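S.K.: So you can see what is in the structure, the chains are spelled out below.
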Amino acid sequence: NAGVTQTPKFRVLKTGQSMTLLCAQDMNHEYMYWYRQDPGMGLRLIHYSVGEGTTAKGEVPDGYNVSRLKKQNFLLGLESAAPSQTSVYFCASSYGDRDSGNTIYFGEGSWLTVV
Amino acid sequence: GENVEQHPSTLSVQEGDSAVIKCTYSDSASNYFPWYKQELGKRPQLIIDIRSNVGEKKDQRIAVTLNKTAKHFSLHITETQPEDSAVYFCAASRAYSSASKIIFGSGTRLSIRP
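Chains as they are written, first to last, in my numbering: chain A, 1 to 115; chain B, 1 to 114.
It cannot be assumed that every hint is accurate.
[What the hints assert, rightly or not] Straight-line distance between alpha carbons at most 27 angstroms, and here's what the computed DSSO-like set of lysine-lysine pairs gives:
hint, chain 1, residue 1, chain 2, residue 2
1, B, LYS101, A, LYS57
2, B, LYS101, A, LYS9
3, A, LYS57, B, LYS42
4, B, LYS68, B, LYS57
5, A, LYS70, B, LYS101
6, B, LYS42, A, LYS71
The set of hints was computed from the structure by calculation and includes no laboratory data. On a predicted model such as this, the values are computed, not experimentally measured, just so you know.
Just chain B, same shape as in the assembly:
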């Protein structure tokens, strides 16, 4: 079945440095790749997403890149701040399909050191 692998499971970076989280997916028909941020005790919330017809997307300090050939995508956070500390989940799905179920990676716990 479909699978999404996410690395690393934990990541600690100095405030102001960059953080990179990587995911690979198995379903070659996947065409929609969202990233979610989950703060402690809260629900996951969408922070950025990318579709398969785009190689890169940026929103302020957050960017996502997609390599369809290699079936992997990455989240890049620059100039990290304390409020970036959270668990981040990648996901993959086939948008527009009746078989559209969203499969999540196992999550990355990001800690920002002051």
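Chain A on its own, in the form it takes in the complex:
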């Protein structure tokens, strides 16, 4: 049981390049999330999904796209990277049901630098 796994862990991009962050969870969770963490800004929700085939915008969705084609995977895409997207990205997942409340479990994070 690996929990929530993110790849890659570290990446340096040039401005304008595109890339995809991959997130996989093996806990059969319905809900999945992508957050970014910047110094002094806490964790800000980019996009989230409440089930396979669904996605929704969070607090800071601009410049990002997501897809949830399979229940266990949630992909975050940057079509044209900008220096402002330099950040640590955390994927997370949760059951979202009554008994579990909405306890979320985080991946280890992906450090992205855009130069």
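Since chain A is already given, all that's left is putting chain B on it; use the hints.
M.R.: Chain B alone, transformed into the frame defined by chain A:
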């Protein structure tokens, strides 16, 4: 939109003393309030949570209180130890809802002085 405010942003306490971190939320439909601890370079991890049908919850040296009327909740750490040094995040969400997104506070950096 929904918002969670957290105070203070930094907190330094003497080892053995208590630490209190406070949060307020804007969405009156929020019913689930977790607290996460994040050590340097690590992922956030859940330390305690509380649901809206409970006013207080305690787990050893950690306790959380909730005031639904005032829409604020607090984390209390007693008898602080060096390993309590970390960044703490509060959060609020509507559990059981298809609109369930978890909004985090901006974090509190807690330092324990020896």
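S.K.: Among all the numbered hints in the text so far, which are the ones the structure does not match?
M.R.: Structure breaks no hint.
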